[in-house]
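Q: These are the residues of each chain, in order.
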Amino acid sequence: MDNTIKHDFEPKIIAFVCTWCTYAGADLAGTSRMQYPANVRVLKFPCTGRIDPVFILKAFQQGADGVLVSGCHPGDCHYIAGNFHARRRFAAFRKLLEFIGVDLNRLQFSWVSAAEGGKWVEVVTDLTEKVRTMGPMVEFKELALEEQWSGAIDTPELREAYDAI
Amino acid sequence: MSTQPIDTSIYTTITAAIRTEASRLFTAGEIVAIVGYAAARRKGAAQPIIITDAAAAETLVFTESCVNNLAVYLTKAKKEIPKNGKIGIIVKGCDLKALVGLMGESQLKREDLYLIGIPCAGVLASTAQPATELTTETIASKCCECDAHLPLGCDFVPSIAFPPGPQLESRYSAEIARLEALTPAERWAYWKEQFAKCIKCYACRQVCPFCFCEQCLCDRNKPQMVDTTPRPAGNTAWHIVRAMHLAGRCAGCAECERVCPMDIPLNLLNRKMAKELKELFDYEAGFEVNDTGPLTMFTEKDDQSFIK
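If you read the protein sequences in the order shown, they are chains A and E.
Here our numbering is used: position 45 in the first sequence is 45, and no number is missing along the way.
Here our numbering is used: position 107 in the second sequence is 107, and no number is missing along the way.
With the rest of the complex left out, here is chain A:
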């Protein structure tokens, strides 16, 4: 296996996962010595029902290029119905983000059970490669930059500083 490929762009992927299923699934992938991109940063939550849409927003604002939300399959929730509520909430939230103009290819939802180490690897790899071809998520970063400099990036110095971020 060739581990020496160098990419121009390594996307930052934030994964919000539920502790009972997807976190255990990711753990299984690890203990099974499966390889998956190290681009993903996993954040553990008690349940997908605890994952507020504002977390996704915050992740993008803080520099995430892609966000993954993953939890138990419907019917398997440790808290009985957390993922059912989350499913409705995220169905609505992605429509809102789409209307605001966020590319939904950067936001992935999945159900990964504790036994699906392989599916975790697949989901993470797919999202990472998809976001890699899309390039960095600049929209929210540009908003943050406008806060600091209150203007467009129109000088070489600013461009250089921007590219260094």
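Hint data in this document are derived by calculation from the structure and do not stem from the laboratory.
Predicted model, so just to flag it, every value in this text is computed and none were measured.
Careful, some of the hints might be misleading.
Said to hold, decoys possible - Coverage of chain E stretches by chain A, computed from C-beta distances (three or more under 8 angstroms per stretch; other residues unrestricted): (1) 103 to 116; (2) 183 to 190; (3) 201 to 210; (4) 217 to 226; (5) 300 to 307.
Unchecked claim - Some chain A residues close to chain E (C-beta under 10 angstroms, calculated; not the full set): (6) Phe45; (7) Lys58; (8) Arg88; (9) Leu96; (10) Val102; (11) Ser110; (12) Val112; (13) Glu146.
Backbone N, C-alpha and C fix where the C-beta goes; we use that ideal spot for every residue, glycine too.
Once you have looked at the hints, place chain E on chain A.
A: Positioned in the frame of chain A, the structure of chain E alone reads:
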């Protein structure tokens, strides 16, 4: 489309009817106060008023300048209202939907209220020039797509025959369709420009009957989820969070849009979410009290085509 006047002659009859009813209610001792509208200082203007006796019933009016959604006085200020009797409130169809939503969320009890419904032909978009005649041009956008001219389930509604009105253009639907046809980048550019105008005065939150949280998520700083300063990133986050928190609750009174000093089309986001929730979960704000909204309940067969 040429500008046509809208017949508001029914408002004279309505004003007389609500005065008589208010006077009767106070005399009979059925209620302790009425939240309604009274004439304001400028010619043609109206302002919210709370009256507590029959003598003041003559100050009540209903005109095309009665734009406010009075439901807000029963959520935010309700703690100051003494609980020694029923409160009467004058509601248009859109205001009633908000009250119904609040009852569904256990903020108000139906038996504590005496609802005086207004058969409404529409109100002005802006009261900056209160003496303006109501026309197809000056009417509020929410009234153009109104399906609730006659409020249902009230304790008293003046009986009125609606005069035939002119055809109104569907402004929100047209604008939503226009934005949906754009590319994501173009939509982002549009909203970026709109949100950049925001000065974070929170008038939209203050006027919204559904923003009744004692502490708003956006005011918390441990952890700080939304930047509180009026700068682009925080503004965008605030408006996304606002739209999301109102999704499935917003009654469409469009007060947020009316009070916005920077003219951000806030109700566009609310209408878009209402449209999506109608498509996804077949939910619409209406006159029927439901103790669950579309985002506080679920079915096992909900669509999950977007989930891997």
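Q: None of the hints should be skipped; say for each whether it holds.
A: Tested hints:
Given a C-beta distance limit of less than 8 angstroms, the hint that chain A covers the stretch 103 to 116 of chain E is violated, as 0 residues qualify and 3 are needed. As drawn, the stretch 183 to 190 of chain E meets chain A at 7 residues by the rule of a beta-carbon pair under 8 angstroms; at three or more, the given contact holds. Coverage of the stretch 201 to 210 of chain E by chain A is violated in this model, with 0 residues showing a Cβ closer than 8 angstroms to a Cβ of that chain against a need of three. Three residues within the 8 angstroms Cβ limit are the bar, and the stretch 217 to 226 of chain E against chain A gives 3, so the coverage statement holds.
Counting residues of the stretch 300 to 307 of chain E whose CB falls under 8 angstroms from any CB of chain A gives 6; the rule of at least 3 is met. The closest approach between the C-beta of Phe45(A) and any C-beta of chain E is roughly 14 angstroms, which is over the 10 angstroms cut-off, so the hint fails. For Lys58(A), the shortest C-beta to C-beta distance to chain E is roughly 6 angstroms, which falls under 10 angstroms, so the interface hint holds. The restraint placing Arg88(A) at the interface with chain E holds, with a minimum CB-CB distance near 5 angstroms, inside the 10 angstroms limit.
The restraint placing Leu96(A) at the interface with chain E holds, with a minimum CB-CB distance near 6 angstroms, inside the 10 angstroms limit. A cut of 10 angstroms between beta carbons decides the hint on Val102(A): the least distance to chain E is about 7 angstroms, and the hint holds. The interface hint given for Ser110(A) is met, as the beta carbon of that residue sits about 4 angstroms from the closest beta carbon of chain E, less than 10 angstroms. Annotation: interface hint on Val112(A) holds; nearest CB of chain E at approximately 9 angstroms, less than 10 angstroms.
Because the beta carbon of Glu146(A) sits about 5 angstroms from the nearest beta carbon in chain E, less than 10 angstroms, this interface hint is met.
In summary, the numbered hints that this structure violates are 1, 3 and 6.
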